[in-house]
Amino acid sequence: MNIFKKQNKELAVIAGCGEFGSKTAVLLQKKNMNVHIIDIDENSFSKLSPEFDGFTITGDAADIDLLEFAGAGKASIIIAATNDDNTNIMIGQMSKHLYKADEVVVRIYDSAKKFLCADMDITSICPCVLSENEFKRIISDKESIAV
Amino acid sequence: MKILLVGGHMKLNYLAKLLKSSGHDVTIVNEDKQLCEMLSDSHQVFAICGDGTKSSVLESANAAKMDAVIALTGNDASNLIICEISKKQFNIKTTLSIVNNPQNINMFKELGVDKCISAIQIFADFIEQMS
Chain R
738 MNIFKKQNKE LAVIAGCGEF GSKTAVLLQK KNMNVHIIDI DENSFSKLSP
788 EFDGFTITGD AADIDLLEFA GAGKASIIIA ATNDDNTNIM IGQMSKHLYK
838 ADEVVVRIYD SAKKFLCADM DITSICPCVL SENEFKRIIS DKESIAV
Chain V
6 MKILLVGGHM KLNYLAKLLK SSGHDVTIVN EDKQLCEMLS DSHQVFAICG
56 DGTKSSVLES ANAAKMDAVI ALTGNDASNL IICEISKKQF NIKTTLSIVN
106 NPQNINMFKE LGVDKCISAI QIFADFIEQM S
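Sequence lines, in order, name chains R and V.
Heads up: the first sequence runs through residues 738 to 884, numbered per our numbering.
Heads up: the second sequence runs through residues 6 to 136, numbered per our numbering.
With the rest of the complex left out, here is chain V (with noise of 0.2 Å):
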């Protein structure tokens, strides 16, 4: 699959390096230029320094050709903008996105984010199994 990973640091790192090896192609967007050159060195992916709520950005990385985007960022709104960008301008089929205040899925579901993901949403699920 085509994949797009639109930023994040440590999850980045970590996501690129697993979906690479599972035999994914790997295009990441991130400000972070060291990361950028780091990560396209260390797992050969390709890489484009910039901010990916930018339809011009996310245009110069391939999005048209993606078949998903997962966005990483640690900022909501930058999410839901990566995510609506992706599925209005560039047609992507699938959208993923980290989810930062829980309170936010519903919302996201609503606005066309395939798949939310929230760490505290989980932990309150397990939580909720366990008691």
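If we strip away everything but chain R, and leave its shape as in the complex, we get (with noise of 0.2 Å):
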């Protein structure tokens, strides 16, 4: 992604700070970049390691004025990881669809729902194929082991 590369500090909208989205938002700021991140619930900001110093930003990701406020509009990278697989979907395509973002990636945890991204140039990351395609790797490592 060349958008890392650039000087100028650029911004990142994360909806959803679980596990993933907490992570992100600290990787992102080391690629030095300005990061907003939206949840819900207040206290799932306190997953955030110490060193974060972005926006928190307490809302619902899915409504657009919010996404609007928390700078939607002007971010290169746009990260859905809320918990829900739909409301992600739905965040992803307002990205694309009204704010253009440059890259937009959604965390879904039904493969089936996969091509709803795929149409629209969303990225798609799918816990279940990850672990699938791992799980896959072990296997075969052991196997070559044994021969």
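FRET-style restraints, in silico, Cβ to Cβ:
(1) Ser-877(R) to Phe-51(V): 44 to 52 Å
(2) His-14(V) to Leu-764(R): 39 to 47 Å
(3) Lys-811(R) to Gly-28(V): 47 to 55 Å
(4) Ile-882(R) to Ser-61(V): 35 to 43 Å
(5) Asp-858(R) to His-29(V): 34 to 42 Å
(6) Leu-764(R) to Ile-122(V): 40 to 48 Å
(7) Ala-855(R) to Cys-54(V): 25 to 33 Å
(8) Ile-882(R) to Asn-111(V): 51 to 59 Å
(9) Glu-880(R) to Pro-107(V): 51 to 59 Å
Rather than coming from a laboratory, the hints here were simulated on the basis of the structure.
A virtual CB, placed ideally from N, CA and C, is assigned to each residue, including glycine.
Put the complex together from the two separate chains, hints included.
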């Protein structure tokens, strides 16, 4: 992703401050980006590590007004990582459709919904597919050792 | 017409009864098992109990054979996904949705929902006309 190489600080908006959202927020900050992170539950922000110095915004990330307030219109990367697949897909589609963000990444648990992102140039991360691939790798490693 | 109703409670009950009595072929998908049983008994509609935002559930409700799908859940994201899967995966010609946040109406339309109904928007339009 070329967005990490630019000199000026770019903006990343993350919806959902869970395990994945909070880790990604710190990662992007280390890549020299400004990070705004949204969660409906204020307590979720305690998952952010102390070194995080971006903005935290409490509210419903699927609300257009709130996404706008969080800077979605200026963001170069928008990540949807709430605990609801449908909300993530909707945020992803909003981001691509209304805000034309360069990179939109959504986390989806149900791999059957991936096609809704594929045809809109939205990158989807599917934990089940990743686990499956990792498991296949472990199995094939074991098999090659056995041989 | 073959019509699929997804989600909803009071709205679903009313609409299922109305459409059935005017001779349409009605199927419902709902997460509430009791409601499914109640509606299939009282209105003789085919009911599937499950999450209507999942394509496997819509498939077991025979979505590919439907003429129209109506999304009635209280969650806009769910309604959008129901309509999108119906349109893109099952090629259902007409998709209709309740929109809870009127600000989503334009986006819904652009993403392939054929008709959006928002009670608040209707009120606002009505008051606008009165004044």
